[in-house]
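The lines below spell out each chain.
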Amino acid sequence: MNLPEYSRKMRQVEVLGINLLRLITLLTAVPVIGIIVFILIRGLPAISWEFLTQMPRDGMRAGGILPAIIGTVYLTLGTAIFSVPLGVAAGIYLAEYASDNATTRLIRIAIINLAGIPSVVYGLFGLGLFVLFLRLGTSILAASLTLSIMTLPVIISTTEEALRSVPNAFRVVSTSLGGTRWQTTWRITLPQAMPGVITGIILGLERAAGETAPILFTGAAFFLPRLPASPMDATMALPYHIFVISTSVPGMPLQIQYGTVLVLLVFVLGMNLLATLIRNRARARRQW
Amino acid sequence: MKAQRAALNERIINSLIKLAGYSSIVFVGLILIFLVREGLPALNDVSLKDLFGSRWYPIEGYFGILPLISGSLLVTVGAILIAIPLGIGTAVFLSEFSPSWLRNLLKPIIEVLAGLPSVVLGFLGIQIVAPFFRRFLDLPTGLTAFTGAVLLALISLPTIVSIAEDALNTVPPAYRQGALALGATNWQTAWGVTVPAARSGLLTALMLGIGRSIGETMAVMMVTGNAPVLPSGLNALFLPARTMTATIASEMGEVATGSPHYHVLFFIGIILFLISLVVNLTASSLSLRSRKRAERLLS
Amino acid sequence: MQSKISVQNLSLTYSDGVESLHGINVEVISNAVNVFFGPAGGGKSSLLRAFNRLNDLADVRHLSGEIWFNGKNILEPDTDVIELRRKIGMVFSRPVPLPLTLWENVAYGLLLMGEKRKNRLDEAVEKALRLAALWDEVKDRLNDPASAISGGQQQRLCLARVLALEPEVILLDEPTSALDPVSTAKIEYSLLELKEQYTIVLVPHNVQQAARVADYAAFFLQGRLVEYGIGKQLFVSPKVKETEDYVTGRFG
Chain A
0 MNLPEYSRKM RQVEVLGINL LRLITLLTAV PVIGIIVFIL IRGLPAISWE FLTQMPRDGM
60 RAGGILPAII GTVYLTLGTA IFSVPLGVAA GIYLAEYASD NATTRLIRIA IINLAGIPSV
120 VYGLFGLGLF VLFLRLGTSI LAASLTLSIM TLPVIISTTE EALRSVPNAF RVVSTSLGGT
180 RWQTTWRITL PQAMPGVITG IILGLERAAG ETAPILFTGA AFFLPRLPAS PMDATMALPY
240 HIFVISTSVP GMPLQIQYGT VLVLLVFVLG MNLLATLIRN RARARRQW
Chain B
267 MKAQRAALNE RIINSLIKLA GYSSIVFVGL ILIFLVREGL PALNDVSLKD LFGSRWYPIE
327 GYFGILPLIS GSLLVTVGAI LIAIPLGIGT AVFLSEFSPS WLRNLLKPII EVLAGLPSVV
387 LGFLGIQIVA PFFRRFLDLP TGLTAFTGAV LLALISLPTI VSIAEDALNT VPPAYRQGAL
447 ALGATNWQTA WGVTVPAARS GLLTALMLGI GRSIGETMAV MMVTGNAPVL PSGLNALFLP
507 ARTMTATIAS EMGEVATGSP HYHVLFFIGI ILFLISLVVN LTASSLSLRS RKRAERLLS
Chain C
144 MQSKISVQNL SLTYSDGVES LHGINVEVIS NAVNVFFGPA GGGKSSLLRA FNRLNDLADV
204 RHLSGEIWFN GKNILEPDTD VIELRRKIGM VFSRPVPLPL TLWENVAYGL LLMGEKRKNR
264 LDEAVEKALR LAALWDEVKD RLNDPASAIS GGQQQRLCLA RVLALEPEVI LLDEPTSALD
324 PVSTAKIEYS LLELKEQYTI VLVPHNVQQA ARVADYAAFF LQGRLVEYGI GKQLFVSPKV
384 KETEDYVTGR FG
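Protein chains in written order, with the numbering used here: chain A, 0 to 287; chain B, 267 to 565; chain C, 144 to 395.
Derived from the structure by calculation, the hints contain no laboratory data. Since the model is a prediction, treat every value here as computed from it, not as a measurement. Certain hints may be false.
List time: in silico SDA-like cross-link candidates among lysine to any residue, alpha-carbon distance up to 20 Å [to be verified]: (1) B:Lys373 <-> A:Asn279; (2) C:Lys259 <-> A:Arg278; (3) B:Lys373 <-> A:Leu276.
Taking CB as the label site, the calculated pair distances span [as the list claims (entries may be wrong)]: (4) B:Ile375 <-> C:Pro288: 30 to 38 Å; (5) A:Gly269 <-> C:Ala201: 40 to 48 Å; (6) C:Lys215 <-> B:Arg465: 14 to 22 Å; (7) A:Val36 <-> C:Val203: 58 to 66 Å; (8) B:Pro439 <-> A:Gln11: 22 to 30 Å; (9) A:Arg104 <-> C:Ser154: 25 to 33 Å; (10) B:Ile375 <-> A:Arg104: 46 to 54 Å; (11) B:Leu274 <-> A:Gly269: 38 to 46 Å; (12) B:Leu285 <-> C:Ala201: 25 to 33 Å.
Glycine included, C-beta positions come from ideal geometry on N, C-alpha and C.
Build the full structure now, drawing on both the sequences and the hints.
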């Protein structure tokens with residue numbers, strides 16, 4: 000085989016190969032769009048003011064999904080209360096305070112592990128520690144605490160990353176003007192990193208809002224005839240509700256199922272979109 | 267006076283931040299302690315031989331977790347076999363061949379996939395994927411290990427794609443330029459130079475993909491048919507199965523606290539914890555090694 | 144002539160091994176422009192950063208010797224570094240306006256001290272900006288982001304930021320290296336005025352600048368102090384061969 004023929008052959012392989020990769024990429028991306036469009040089409044007819052604002056009726060086969068929506072909002076806020084201050088502070092510690100020593104490496108290993116622990120194991124842990132040992136019972140509080148710990152690694156990592164992207168010159172200058180570590184963080188680096196931090200918080204909470212396994216035995220209720228009145232009450236939640244109506248309620252109208260899925264999807268993807276918008280806006284505005 | 271109070275505030279804040287920094291270690295420790303506290307008594311209730319037996323039928327006191335472990339393995343292996351070509355292929359395309367406008371379009375789409383709650387995918391699995399495979403493959407039920415594997419592949423794809431793409435992007439441009447200067451085509455450069463140079467990053471992606479698959483709960487529980495039987499051959503892929511995670515999720519709600527069944531479910535939790543520990547430590551040491559190598563090469 | 148800072152047998156090595164200092168003995172003279180010059184990597188910046196303990200931020204492997212300032216060895220661990228940095232201010236080679244408004248930049252050091260009275264702060268800001276010859280150019284837009292002004296103005300802002308704290312010593316590490324000749328001249332002129340009230344330590348960005356402004360000069364080469372003396376004499380008739388070679392442009 001002479002050289003021009005060889006190189007023509009290589010060119011053919013390349014063209015073929017790239018088209019194959021195009022196909023593969025398409026196979027990865029198309030289902031995502033498909034899923035969203037499909038749920039939108041099937042779910043939209045179910046959405047009405049009543050659906051969003053009323054209690055379920057007839058064994059959840061009619062009426063609205065208000066308690067599940069409210070429950071997910073409560074759980075998300077409850078998670079934020081614990082995980083945001085703790086996660087942001089831990090991110091600040093890693094980015095601004097910690098030196099590169101054995102303890103810091105241990106912290107990083109711990110964070111990596113927290114991020115990898117299966118969600119259902121968080122559920123077991125929450126049951127063992129919060130529900131039983133601390134006697135919080137199956138409650139919004141116990142579920143929120145469980146979700147908080149699960150959310151921590153995301154918030155810590157994104158906070159650290161956002162702080163590290165702030166130019167070091169700012170820290171040096173602030174220190175040279177008599178700034179302490181905390182003053183420098185509070186007045187300069189944290190405000191500069193804020194868009195990244197907020198993005199991380201939203202992404203973490205987005206995950207918490209969509210999770211089912213960690214709340215199964217820590218705070219989720221199959222059905223409640225009224226809205227939760229205190230953090231010590233159990234609650235319905237959108238993800239668990241989807242699980243319940245799609246597996247455990249015979250004769251469940253499909254429309255309600257798709258409608259509920261659509262509401263959760265809007266909730267979760269809305270947060271995702273918000274995070275993306277904040278990130279892009281901050282990038283465009285950044286002066287350094 | 268004012269300076270003193272400011273210094274005191276500063277000291278308090280600094281200690282709080284340090285405490286928060288250490289909290290991750292505390293939580294990992296707490297998780298391990300409570301899993302062990304509730305799970306280890308299983309060894310008193312059930313003999314080791316029975317625990318690793320092949321029959322899971324808690325009502326009659328059979329707590330053999332082998333069917334559950336093999337169920338998890340079966341579904342995970344299936345998922346990875348599907349996700350590797352798709353994930354690595356997509357990553358290579360995005361980082362080596364895609365025009366930038368397409369990359370900017372596709373990456374957010376794949377991120378959206380990462381954000382989809384697994385219960386939503388499980389729901390679609392029940393509604394669409396399972397009936398499709400039942401008809402398409404002419405099976406008695408569509409709720410099989412295979413359906414679970416397909417969903418798991420979808421769930422682990424974003425992890426694999428984004429980490430693999432990062433790994434490919436950190437390969438120094440000089441490598442590619444060198445290969446291209448020697449007359450290699452883009453295709454040869456990608457597979458002959460870039461991909462091998464990024465191999466530890468790609469392995470990391472793979473490990474984390476496996477981690478996500480083994481730990482995934484809801485989607486798998488909803489579509490695998492929940493039959494805790496020991497697989498007996500390749501066709502087991504097209505039969506119902508039951509993973510460790512699904513077992514915990516579906517049975518913990520009904521057990522009496524402190525019963526053997528309860529302890530065994532926590533014991534399964536310990537196994538899952540250890541698996542995720544090994545997977546994640548391996549992945550992070552792999553990525554650390556690749557970073558060190560890159561630093562050495564670039565310095 | 145009175146010594147403001149006295150360096151005794153100072154040695155310093157960084158972990159990354161980029162720059163180091165070996166047995167430095169030098170005096171910083173009060174109310175004068177003290178110039179530390181020499182080729183890059185000679186240790187001038189490291190010495191400057193030791194004066195206000197900014198090297199605490201870096202990874203220092205070895206540090207020995209003494210730096211005496213106001214009757215205290217500031218390298219002692221019990222030194223109040225915050226107080227020290229307020230007394231010994233620093234201007235860096237690139238203008239780094241903090242991502243705040245012009246006003247906030249100048250008031251920054253005072254705000255950190257806990258000064259909250261608006262009128263005090265306003266007074267201090269105006270005074271500092273006037274000293275740095277920037278007041279007339281920016282007085283109408285003090286609430287604009289500091290990044291909006293030109294590079295030369297930014298560097299004078301950085302000088303004003305230091306002056307607002309009314310320090311005793313001002314360290315300038317190649318403050319004009321990123322500036323055009325006009326801005327450079329403005330900064331140099333400010334220095335000559337400022338030395339009436341302040342002690343100035345300047346790492347110049349070339350020999351010409353060193354010769355123009357130096358009252359006292361110290362020549363550093365590879366971490367050692369080669370020659371030290373009165374500026375005029377040192378540039379006209381250096382005693383050491385290396386200094387002469389460098390000053391006359393034979394290497395550098």
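Restraint status (C-alpha distance of Lys373 (chain B) to Asn279 (chain A) at most 20 Å): Measuring from Cα to Cα gives roughly 14 Å; hence the hint holds.
Has the given pair, Lys259 (chain C) with Arg278 (chain A), been kept, meaning a C-alpha gap of at most 20 Å? Outside the cut-off at roughly 33 Å; violated.
The hint says 46 to 54 Å between Ile375 (chain B) and Arg104 (chain A); measuring C-beta to C-beta, is that right? violated, 36 Å
22 to 30 Å as the expected CB spacing between Gln11 (chain A) and Pro439 (chain B), which holds or is violated: The hinted range 22 to 30 Å holds for Pro439 (chain B) and Gln11 (chain A), with Cβ atoms some 27 Å apart.
If I claimed the Cβ atoms of Lys215 (chain C) and Arg465 (chain B) lie 14 to 22 Å apart, would that claim hold in this structure? Between Lys215 (chain C) and Arg465 (chain B), where Cβ atoms are some 57 Å apart, the hint is violated.
Holds or violated: the 25 to 33 Å window for the beta-carbon distance between Arg104 (chain A) and Ser154 (chain C)? The hint (25 to 33 Å, Cβ to Cβ) holds, given that Arg104 (chain A) and Ser154 (chain C) are roughly 31 Å apart.
Leu274 (chain B) versus Gly269 (chain A) beta-carbon gap, inside 38 to 46 Å or not: Distance hint for Leu274 (chain B), Gly269 (chain A) holds at roughly 43 Å.
Return holds or violated for the Cβ distance of Val36 (chain A) and Val203 (chain C) against the range 58 to 66 Å. The hinted range 58 to 66 Å holds for Val36 (chain A) and Val203 (chain C), with Cβ atoms some 60 Å apart.
20 Å limit on alpha-carbon distance, applied to hinted pair Lys373 (chain B) and Leu276 (chain A): With a Cα-Cα distance of about 15 Å, the restraint between Lys373 (chain B) and Leu276 (chain A) holds, given a limit of 20 Å.
Quick check: does the Cβ-Cβ distance between Leu285 (chain B) and Ala201 (chain C) fall within 25 to 33 Å? holds, 27 Å
So the hint says 40 to 48 Å: do the beta-carbon atoms of Gly269 (chain A) and Ala201 (chain C) match that? Cβ of Gly269 (chain A) to Cβ of Ala201 (chain C): about 45 Å, so the range 40 to 48 Å holds.
Tell me if the beta carbons of Ile375 (chain B) and Pro288 (chain C) are separated by a distance inside 30 to 38 Å. At 36 Å between Cβs, range holds.
This entry does not satisfy hints 2, 6 and 10, going by the numbered hints stated previously.
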